[in-house]
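Student: Using this note's numbering, the first residue of the sequence shown is number 1, and each one after it goes up by one.
It cannot be assumed that every hint is accurate.
What the hints assert, rightly or not - With beta-carbon atoms standing in for the labels, derived distance ranges:
(1) 256 / 181: 44 to 54 Å
(2) 275 / 243: 20 to 30 Å
(3) 259 / 213: 25 to 35 Å
(4) 33 / 276: 20 to 30 Å
Think of the hints as simulated: they come from the structure by calculation, not from any bench.
Remember, predicted model here, so these are calculated numbers, not experimental data.
Every residue, glycine too, gets a C-beta built ideally from N, C-alpha and C.
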Amino acid sequence: MSGFLPMQGRLAELVAGEATGTNDVSENAELDCLLSESVAVDREQMMAAASVVQLALLRQDRAARVALPESVRAKLVRQADAWNAGRQVSGAASVADLAGARQRRAEKSRVLTQARGKIRPSGSAALGWYLAAALAVAFVVYRQDSSVDPAPDMASVAVAIEARREALVSQAPDLVRVPWSASAEPGYEQARGDVVWSSSRQEGYLRLSGLPINDVRRGQYQLWVVDAERDVHPVDGGVFDVTRDGELIIPIDTTLPVNRPAAFAVTFEQPGGVVVSDGPMLLVAPVGS
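Let the hints inform the model, and build the full structure from the sequences given.
Tutor: The structure is reproduced here in structure tokens:
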């Protein structure tokens with residue numbers, strides 16, 4: 001590998017700054033210098049990769065998404081579209097195959113850990129951009145190295161989602177964490193995992209293993225959240241696919257705010273999900289009083 005690797009943390013900072021328009025003249029000059037020193041890194045490719053990861057992170061952070069300037073949002077979308085145009089990505093972007101990601105991106109996890117230790121988060125949006133840039137730098141560098149077997153883009157998303165979940169667990173003062181109850185539904189008896197949720201952040205994640213792989217042409221799994229402050233109908237928490245064996249972390253994407261979660265449930269519905277489910281509930285995670 002090149003001598004560029006020790007500078008990944010600083011390069012990630014500068015990439016994030018350029019993407020958000022916060023770099024000054026000297027910082028942009030420093031970025032140009034770092035990029036010129038490494039023949040393995042392409043500026044546009046790296047920016048596009050960072051955009052793909054950051055869009056995935058922003059999808060789970062409504063406050064940051066609303067506050068994002070329209071010019072930055074448009075730039076993100078353009079770069080992500082350019083990145084995805086020439087690539088085939090399998091699986092749902094919101095589902096992380098952590099077992100495979102850890103094996104294929106052990107070195108990338110090391111880079112991410114170093115990056116997280118060098119920054120002082122000033123908000124989830126800033127942290128998200130730094131993580132996105134760090135992952136993009138690592139991905140592009142290793143992708144250009146012919147001695148490293150390239151992995152699917154989902155590995156980058158997997159590491160980012162796991163980092164977001166860990167940050168929520170360690171930082172949210174109102175964290176709710178409940179395990180999935182043993183299922184009595186045939187074929188789902190081996191499903192295990194838990195749910196974490198923060199009402200103050202309106203952010204949460206499912207962690208699952210042992211859930212059967214679904215045929216996306218037949219249907220998708222759908223999450224429901226029972227809110228004690230709402231009527232009898234639970235809140236839609238988003239649909240997801242299970243495309244591989246192993247542990248999954250799935251970001252919760254509620255259509256309405258959830259302030260007092262009483263239970264979480266998973267059903268199997270038609271592709272795209274439904275507004276009201278007829279069941280059955282395949283998994284349930286009740287929240288204690």
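Student: Could you run down the list of hints and mark each one as holding or not?
Tutor: So, going through the hints one by one against the coordinates:
no., hint, verdict
1, 256 / 181: 44 to 54 Å, "violated (24 Å)"
2, 275 / 243: 20 to 30 Å, "holds (25 Å)"
3, 259 / 213: 25 to 35 Å, "holds (34 Å)"
4, 33 / 276: 20 to 30 Å, "violated (58 Å)"
Comparing the model with each numbered hint stated earlier shows that hints 1 and 4 do not hold.
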